[in-house]
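Protein chains in written order, with the working numbering: chain A, 1 to 253; chain B, 254 to 563.
No lab work stands behind these hints: they were computed from the structure.
C-beta atoms are modelled at their ideal positions from N, C-alpha and C, and glycine is treated no differently.
A few of these clues could be false.
[Said to hold, decoys possible] Cβ pair distances, simulated, as ranges:
id : chain 1 : residue 1 : chain 2 : residue 2 : range
1  : A       : Tyr187    : B       : Glu464    : 23 to 31 angstroms
2  : A       : Tyr187    : B       : Ile415    : 53 to 61 angstroms
3  : A       : Lys23     : B       : Ala407    : 27 to 35 angstroms
4  : A       : Arg48     : B       : Glu437    : 46 to 54 angstroms
5  : B       : Ala438    : A       : Phe221    : 37 to 45 angstroms
In case you want the letters, here they are:
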Amino acid sequence: MKIAVCIKQVVTREWQLRVNDQKTWIRDQDASFELNEPDAYALEEALRLKEKHGGEVIVCCAGPARATQVIREALARGADRALHVESDALGTADAGTIAAALAEAIRAEQVDLVLTGLQSDDQGFGQVGVVLAETLGIPHATIIMEVQVEASGLRVKRELEGGWFQWVRLPLPALVTIQSGINQLRYATLKGIMAAKKKEIKKVAAPAVASGGQRVTSLYFPEKAKQTQVLAGPPAEAAKALVTRLREEARAL
Amino acid sequence: MILVIAEQRDGTLNRATLESIAAAQSASEPVKVAVLGSGVDAVAQELARAAIDEVIAVDDPSLQAYTADGFVLALEQLVRAEPPQRVFLPHTYQTRDFAPALAARLTWPLVTDCTALKDGGYVRPMFQGKLQADIAVDRPHLATFQIGAFRADAMKAGSAGIRKASIAIDASKIRQKPEAPFKEAKQAVDLSQAERIVAVGRGIKGQEHIELARKLAEAMGAELAASRPICDAGWLPMDRQIGSSGQTVAPKLYVALGISGAIQHLVGMKGSRTIVAINKDPEAPIFEVADYGIVGDLFEIVPALIAALK
Ligand SMILES: Cc1cc2nc3c(=O)[nH]c(=O)nc-3n(C[C@H](O)[C@H](O)[C@H](O)COP(=O)(O)OP(=O)(O)OC[C@H]3O[C@@H](n4cnc5c(N)ncnc54)[C@H](O)[C@@H]3O)c2cc1C
Numbered sequence: 001m002k003i004a005v006c007i008k009q010v011v012t013r014e015w016q017l018r019v020n021d022q023k024t025w026i027r028d029q030d031a032s033f034e035l036n037e038p039d040a041y042a043l044e045e046a047l048r049l050k051e052k053h054g055g056e057v058i059v060c061c062a063g064p065a066r067a068t069q070v071i072r073e074a075l076a077r078g079a080d081r082a083l084h085v086e087s088d089a090l091g092t093a094d095a096g097t098i099a100a101a102l103a104e105a106i107r108a109e110q111v112d113l114v115l116t117g118l119q120s121d122d123q124g125f126g127q128v129g130v131v132l133a134e135t136l137g138i139p140h141a142t143i144i145m146e147v148q149v150e151a152s153g154l155r156v157k158r159e160l161e162g163g164w165f166q167w168v169r170l171p172l173p174a175l176v177t178i179q180s181g182i183n184q185l186r187y188a189t190l191k192g193i194m195a196a197k198k199k200e201i202k203k204v205a206a207p208a209v210a211s212g213g214q215r216v217t218s219l220y221f222p223e224k225a226k227q228t229q230v231l232a233g234p235p236a237e238a239a240k241a242l243v244t245r246l247r248e249e250a251r252a253l
Numbered sequence: 254m255i256l257v258i259a260e261q262r263d264g265t266l267n268r269a270t271l272e273s274i275a276a277a278q279s280a281s282e283p284v285k286v287a288v289l290g291s292g293v294d295a296v297a298q299e300l301a302r303a304a305i306d307e308v309i310a311v312d313d314p315s316l317q318a319y320t321a322d323g324f325v326l327a328l329e330q331l332v333r334a335e336p337p338q339r340v341f342l343p344h345t346y347q348t349r350d351f352a353p354a355l356a357a358r359l360t361w362p363l364v365t366d367c368t369a370l371k372d373g374g375y376v377r378p379m380f381q382g383k384l385q386a387d388i389a390v391d392r393p394h395l396a397t398f399q400i401g402a403f404r405a406d407a408m409k410a411g412s413a414g415i416r417k418a419s420i421a422i423d424a425s426k427i428r429q430k431p432e433a434p435f436k437e438a439k440q441a442v443d444l445s446q447a448e449r450i451v452a453v454g455r456g457i458k459g460q461e462h463i464e465l466a467r468k469l470a471e472a473m474g475a476e477l478a479a480s481r482p483i484c485d486a487g488w489l490p491m492d493r494q495i496g497s498s499g500q501t502v503a504p505k506l507y508v509a510l511g512i513s514g515a516i517q518h519l520v521g522m523k524g525s526r527t528i529v530a531i532n533k534d535p536e537a538p539i540f541e542v543a544d545y546g547i548v549g550d551l552f553e554i555v556p557a558l559i560a561a562l563k
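Only chain B is shown next, with the shape it has when bound in the complex:
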C-alpha cells in the first residue's frame, strides 16, 4: 500500500498533492491518502473524489499551524499503525522541512525530488539537474515528487471513504512556535504580465555586465529578469527573480542568458511560449526546454544579437 501525505493550508489543498496521488495511482498498488490539520473535513471530502482506497483524516488542534515536530509526531504514529510499503509526498518546502526527520525517526530511507517511477525504484536529478540517477531502495521508504513531474489532471477520479485516525499528540513536545505566513512589501515589478523577458544568470559573471543584458532587453522590448544567484548577489532586485521562490511568468518570449536551468528556475518560466537559451555548455538542462538555442559565449552573442535587431 502507498500512503500519500496531502498538503493543505487553512483548508485549501495544495494541488501538488494531486500530482503525488497521480504518481501513486500509476504504480498499481492500493493507495490511501492522509491529510493532517485542524478542521480538515472539507479537504478530506475533496480528496475522497480520487480513485483511491481511503482518505485518512488526522484532525488535531495542535496541527492547526504547520510545525515539523507536530507533523513528525502525528505521522510517525500513523505510518507505524497502517503500515504502508511506501509513503509519497509532493516535494514542497513543507515536505522538505519535516520528511527527513520523519524518515530518520522511522529509520526508513527517503528518496527526494523524484521525477519518475522506474523498475520499482525512482528517477531523480543530481548535480543540479545536469545528470539523472536511477535509485533502488530495498525496504519500506518515503519518496517525494518534484512539482510538475506528474500531472494533477492525470489523477483518476473515484469515490473513497473517509476515516478519522485516532492519534494522540502531546502538544508540549512541539518545539517550533510559528507565526502567521506573510508576504514581503508589495513587489514593484509584476513580470507575470510581461510579453517578453530577457533573464540573466550566473553566466553574466559580474554586476558590470548586467548593462549588456539590459541593452538586449531594450532592443527586444523586453523586461529584465534573473535567476536567483543574481538577486542573491544584489546585482538585480529580488522582485526580478524568476523561479520557485520568485515570480512565475509565461511571456511570449523568454531569453535565458547564461542560465543553467535548475529545476527551481524552470518551474518559474517553462510555461513561456517561446524559449531561447544562450549558454556555452551544450549539456545545460535549459536546452531541455528551449525552442531555440545558441551554444556559445554570451559576451560574443549578445552584442551580435543587439546588432541584428537593429
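This is chain A alone, in the form it adopts within the complex:
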C-alpha cells in the first residue's frame, strides 16, 4: 500500500505566544516548533499499516524551509521519503491554499491512501484533509480511531460526539483524517535518525493559487468572561487560602 501522510510544523505548546505588530500572526521568529500532534498519530498509523500490509510511506509537508525539521523527524520515525512543497507563505495560509499545494504533489504519486491529522494546533481549521480529498476526487472519512484494510477498500471507525462511534466503508484510493489517541506513538531511535539523513526530501514548487477568501484582520488574547479570584503567594499560603475559600465561600468541600 502506497500511503501519503500530510504533516504540519506548529509552534510548541510550551512556547509563550506573542502577537506580531500587524496583529495578524504570532511573532514566531524566535519560537520553537514541533510536529502537529494529530499528524504524529496519522504518521504512526501509516507506519503500522505499512508494517502490516507492506508498501511505502511518503511524508508530505507544505510549509516554509524550517519545516524540514519535522520532515526529518518523520523520516527518523520510519517514513520512507518526503515531499516538501516549500514556500514561506504556506506557513500561515488558509486551508484551501494548503490543500491545493499538497494536492499537486500527491496527485503525481498515485497513492492508495492519504492520511492527515484532523486539525492543526495553530489555526485549527480542520479543513485541509477534507478539501484535499475533494481536490483529488477521492472519498474521505474524518476523525478516525481505527483503520482496517479489506479486499474492497477500507473499513474505518469514526468518532462521533458523546462516546458514539460508527464504522464506514470506503473504496480506495481514499483519504482519512486521524484523531489523537488512535495508537501509541513511537519515537525515533538513534538508528532511525542516522538512516533519515540518507532519505530523500524532494522539494516541490508551490503552485500559484488565489487566496482562499478569508483573512485574519486582528489576532489578540481573549477577554476574560469570568472574574477569577487568583490566590497569590507561596504555595502553602495559596493552598490554605483556597481551602478556606472552598469551605466557607463556595461551600464546595
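Position chain B with the ligand relative to chain A; hints supplied.
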C-alpha cells in the same frame, strides 16, 4: 439571505441547530433553514416554529443515513439554486466531515469554529483557544459555530412555511457505506453523578505523577478524571475523559490540574458549580471559566493543598 443547515438523526433535531438559527437571526438578514434526510416532515415542522422565512426540506431515501458524499451532492445543488450569501452550520462532528468538501466544491471560503459575529465577519479561536482572531471574508461563504457560542433559548419563535426542494441525488455517487452508530461497552465510571472531581491534564507530565492527583482527589473526597491526552496516552482509562468526546459533568467542585482549557474540554465541564484552575500559565484559557485560580507549578501546589486539607 442566510441559509442554516439543520442537523438531525432519525428524526431527532440536534439542538446545536437552534444555536445556529439564533446566530443567523442576530444578523438581521432573511433566514432560511434546510433540513436533509429521509422522512424529515416532523423535524421540518419543529424548525418551522422559529422566526425565519422558510424551511426547506430535502427528503431523499439516499440521505437516510448520513454520508459526506450524499450531503455534498444535495447541498451543492441546493446552495446553487437558492443562492444564499452565507451558509451557517453548527460545528458538529458531522459538519466537520462534509462542510469543507462542500466549500471546496462551491469554491466558497469556510470559516470554522466561530464564536461570534463581528463587523460583517467572525470571531474564532486560534492556537488552541489561547488567542482569538477576527476574520474577514469578502465573498459568499460558509461559517460554522462553536457549540454554546449562541444560546438555543435565544432563538426567536415564529411560524414559517415548509417547502420541499426537488433535488436529484445519484446514489451510485455515494462512496461512503456507513454502518449504524454504536456506543462502546458500557462505561465503568459514571462521572456525571460525582459531587467533586479532580481532573488532570498534560501538565502532570508523566504517568508516575497521576498518583499525586489521586492523593488530592482522596483528600477532597473527589473522583479522578482527565483531559483527552492523558487518556490517549493510556495513563487513565478512557471512561475518565471529560469533554466533547468524553463525559459531560456538572459537579459541585471541579479542580483542573495542568489543563489548558481547550474548547473540547470546556464543553464537558463548564457547567460545574465551582471551578478551580491550577496552571503555571496565567494566560491559559481555563482561567476564563475558573472561579478560583492558582498560577504556579502544580508539583508545588498540589502537595501544599493536600497538607492544607488535612
Ligand atoms: C474532535 C476533537 C475532540 C476532542 N475531545 C476532547 C475531549 O473530550 N476532552 C478533552 O480534554 N480534549 C479533547 N480534545 C483535545 C483538546 O482539543 C485539547 O488538545 C486537550 O483538551 C488538551 O489537553 P490538556 O489541557 O491536558 O493539555 P495542554 O493543552 O497541553 O495543556 C497543558 C496545560 O498544563 C499547564 N502546565 C504544564 N506544566 C505545568 C505545571 N508543572 N504546573 C501547572 N500547570 C502546568 C500548561 O500551562 C498548559 O496550560 C478534542 C479535540 C478534538 C479536535
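The hints, checked one at a time:
1. Tyr187(A) to Glu464(B): 23 to 31 angstroms: At 24 angstroms between Cβs, range holds.
2. Tyr187(A) to Ile415(B): 53 to 61 angstroms: 57 angstroms, holds
3. Lys23(A) to Ala407(B): 27 to 35 angstroms: Since Lys23(A) and Ala407(B) have Cβ atoms about 30 angstroms apart, the given range 27 to 35 angstroms holds.
4. Arg48(A) to Glu437(B): 46 to 54 angstroms: 21 angstroms, violated
5. Ala438(B) to Phe221(A): 37 to 45 angstroms: 42 angstroms, holds
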